[in-house]
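Engineer: In the UniProt record's numbering, the protein residues as written are 1 to 135.
Among the clues, some could well be false.
Quick list of in silico lysine to any residue cross-link-like pairs, SDA-like style, CA-CA up to 25 Å [stated by the list, open to error]:
| no. | residue 1 | residue 2 |
| --- | --- | --- |
| 1 | Lys113 | Ile39 |
| 2 | Lys113 | Thr33 |
| 3 | Lys113 | Leu130 |
| 4 | Lys135 | Pro125 |
| 5 | Lys113 | His36 |
| 6 | Lys113 | Arg35 |
| 7 | Lys113 | Asp126 |
| 8 | Lys113 | Tyr19 |
| 9 | Lys113 | Leu128 |
| 10 | Lys113 | Thr17 |
| 11 | Lys113 | Val16 |
| 12 | Lys113 | Ile20 |
| 13 | Lys113 | Ala32 |
| 14 | Lys113 | Trp30 |
| 15 | Lys113 | Glu103 |
| 16 | Lys113 | Val89 |
| 17 | Lys113 | Arg85 |
| 18 | Lys113 | Tyr101 |
| 19 | Lys113 | Tyr88 |
| 20 | Lys113 | Pro125 |
| 21 | Lys113 | Thr102 |
| 22 | Lys113 | Gln31 |
| 23 | Lys113 | Glu40 |
| 24 | Lys113 | Arg124 |
Rather than coming from a laboratory, the hints here were simulated on the basis of the structure.
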Amino acid sequence: MTICRCPISRSAPASVTIYISPNTNDNPEWQATIRHIAIEGMCFFVNAGMVIRRSSYPSDLHEGDVASRFPEYVCRGGSCIVDPRGHYVTEPVWDEEAVIYTELDMGMPISCKMEHDVAGHYARPDVLELNVNEK
Numbered sequence: 001m002t003i004c005r006c007p008i009s010r011s012a013p014a015s016v017t018i019y020i021s022p023n024t025n026d027n028p029e030w031q032a033t034i035r036h037i038a039i040e041g042m043c044f045f046v047n048a049g050m051v052i053r054r055s056s057y058p059s060d061l062h063e064g065d066v067a068s069r070f071p072e073y074v075c076r077g078g079s080c081i082v083d084p085r086g087h088y089v090t091e092p093v094w095d096e097e098a099v100i101y102t103e104l105d106m107g108m109p110i111s112c113k114m115e116h117d118v119a120g121h122y123a124r125p126d127v128l129e130l131n132v133n134e135k
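Please build the complete structure, drawing on both the sequences and the hints.
Structural biologist: Written as structure tokens, this is what we have:
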């Protein structure tokens with residue numbers, strides 16, 4: 001974990017248990033990122049991936065000829081739910097609009113936080129201090 005996120009991690013016991021992120025990032029790297037965020041945050045991650053088709057753009061759009069050259073799927077979606085251990089609870093949904101849902105074991109983030117201290121030495125304000133000079 002980077003020191004930049006240390007203030008968030010210090011409050012881990014009272015932190016987020018469900019992280020919801022609407023986005024338009026449909027590349028494979030983003031799937032790896034959301035799994036990492038779930039593991040590091042020891043929380044469920046709900047990825048609300050947008051499905052945007054070329055036909056979604058209005059016909060009278062300024063620069064409409066540019067939109068006509070877009071691929072059929074401008075954004076392919078990828079909505080999914082990831083558990084605090086980084087495993088898919090629901091697999092990513094690609095190239096279609098869908099509502100995803102599942103039951104979550106809300107005890108899982110608590111047990112994950114008991115077995116792994118993400119903040120580690122960053123949680124010791126008597127040992128470590130972050131000062132930012134914005135000049």
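Engineer: Determine which of the earlier numbered hints do not hold for this structure and return their numbers in increasing order.
Structural biologist: none
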